[in-house]
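Listed below, chain by chain, are the residues.
6 protein chains.
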Amino acid sequence: MPYVTVKMLEGRTEEQKQALVEKVTDAVVETTGATKEKVVVFIEDMPKNHYAVGGKRLSDQ
Amino acid sequence: MPYVTVKMLEGRTEEQKQALVEKVTDAVVETTGATKEKVVVFIEDMPKNHYAVGGKRLSDQ
Amino acid sequence: MPYVTVKMLEGRTEEQKQALVEKVTDAVVETTGATKEKVVVFIEDMPKNHYAVGGKRLSDQ
Amino acid sequence: MPYVTVKMLEGRTEEQKQALVEKVTDAVVETTGATKEKVVVFIEDMPKNHYAVGGKRLSDQ
Amino acid sequence: MPYVTVKMLEGRTEEQKQALVEKVTDAVVETTGATKEKVVVFIEDMPKNHYAVGGKRLSDQ
Amino acid sequence: MPYVTVKMLEGRTEEQKQALVEKVTDAVVETTGATKEKVVVFIEDMPKNHYAVGGKRLSDQ
Numbered sequence: 030m031p032y033v034t035v036k037m038l039e040g041r042t043e044e045q046k047q048a049l050v051e052k053v054t055d056a057v058v059e060t061t062g063a064t065k066e067k068v069v070v071f072i073e074d075m076p077k078n079h080y081a082v083g084g085k086r087l088s089d090q
Numbered sequence: 030m031p032y033v034t035v036k037m038l039e040g041r042t043e044e045q046k047q048a049l050v051e052k053v054t055d056a057v058v059e060t061t062g063a064t065k066e067k068v069v070v071f072i073e074d075m076p077k078n079h080y081a082v083g084g085k086r087l088s089d090q
Numbered sequence: 030m031p032y033v034t035v036k037m038l039e040g041r042t043e044e045q046k047q048a049l050v051e052k053v054t055d056a057v058v059e060t061t062g063a064t065k066e067k068v069v070v071f072i073e074d075m076p077k078n079h080y081a082v083g084g085k086r087l088s089d090q
Numbered sequence: 030m031p032y033v034t035v036k037m038l039e040g041r042t043e044e045q046k047q048a049l050v051e052k053v054t055d056a057v058v059e060t061t062g063a064t065k066e067k068v069v070v071f072i073e074d075m076p077k078n079h080y081a082v083g084g085k086r087l088s089d090q
Numbered sequence: 030m031p032y033v034t035v036k037m038l039e040g041r042t043e044e045q046k047q048a049l050v051e052k053v054t055d056a057v058v059e060t061t062g063a064t065k066e067k068v069v070v071f072i073e074d075m076p077k078n079h080y081a082v083g084g085k086r087l088s089d090q
Numbered sequence: 030m031p032y033v034t035v036k037m038l039e040g041r042t043e044e045q046k047q048a049l050v051e052k053v054t055d056a057v058v059e060t061t062g063a064t065k066e067k068v069v070v071f072i073e074d075m076p077k078n079h080y081a082v083g084g085k086r087l088s089d090q
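Chains as they are written, first to last, in our numbering: chain A, 30 to 90; chain B, 30 to 90; chain C, 30 to 90; chain D, 30 to 90; chain E, 30 to 90; chain F, 30 to 90.
Treat each hint with caution, since some may be false.
No distinction is drawn between identical chains; accordingly, a pair holds when it is met within one copy or between any pair of copies.
[Said to hold, decoys possible] Calculated cross-link-like contacts (lysine-lysine; reagent style DSS-like; alpha-carbon spacing at most 30 Å):
(1) Lys-65 with Lys-85
(2) Lys-77 with Lys-67
(3) Lys-85 with Lys-67
(4) Lys-52 with Lys-77
Hint data in this document are derived by calculation from the structure and do not stem from the laboratory. None of the values given here were measured: they were computed from a predicted structure.
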């Protein structure tokens, strides 16, 4: 606890995901006082045909 | 905003998903007064072995 | 099935929520071929201090 | 209703998932008084590179 | 891990919620081989005006 | 995009939540290359009787 979910378009590299998880965890620890080992981060990849803004999917643009 | 998530069994065609996203966005705009460009829709596909009703997965029926 | 979640800022009236649920359900039925009685809609209200864009909460603007 | 989501590391067998869904459904029926046919269970698999504790992904350990 | 979310209509008693959490945790441990102390359960209450089946909210029936 | 959800025990102050949202947004921008104005953060408060580890709710400890 806290539990953080980051939902983003697929395509980020493993290096980016590793850095994301580290920096987000640090940001949570610094601002909430949570113990680092208790912070959990989930990443969710979205494909372009499953994400739409204004009624239009990214895969249709 | 609003953010809409539609979770459904995998297997719909790209045409169905495209239409789904358009019509759902219109429905949200019409009833909530949100600006169209602000409406976000996410689609989540469920495989049959990850979805159960009454203790039985669809893949086991 | 499908399961639809609509996350939006709190403050919509009951009439708006009722209409939202009806129209979104119709849109899902029309485009996915799902049976109307199987479509489930969840509404989630967000307070302004729990929603941020660009690092700024709506309650801080 | 109720709607139960079980998020876990990928790798469980079909037999484990089938048993999981049955036992969790029974537990929900027994304790909430819900009708068995109304209980819905979703399974979500997490890959090791999308799950981190303490700022470290399982795939990096 | 695993992480279980149970979404249900508001109104269950504290005794029901306590029993729910215990039994669901046992079911997960028994079927997945997870260590008991690692199983996390979240409960989410839904008000009747935020839940609809077939385009009709429970509060409108 | 990305969309970040932070789920944590209720009780943090407005100052903590404001700082959380700022720092997490910065961490996401820095590591994913996303444009700052596109990063969305949702906070979800959990009450102690709706969160359990090892079959025991925090409110029962």
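So, going through the hints one by one against the coordinates:
no., hint, result
1, Lys-65 with Lys-85, "between (39 Å within a copy, 10 Å between copies)"
2, Lys-77 with Lys-67, "between (32 Å within a copy, 16 Å between copies)"
3, Lys-85 with Lys-67, "between (38 Å within a copy, 11 Å between copies)"
4, Lys-52 with Lys-77, "both (25 Å within a copy, 18 Å between copies)"
The structure meets every hint from the earlier list without exception.
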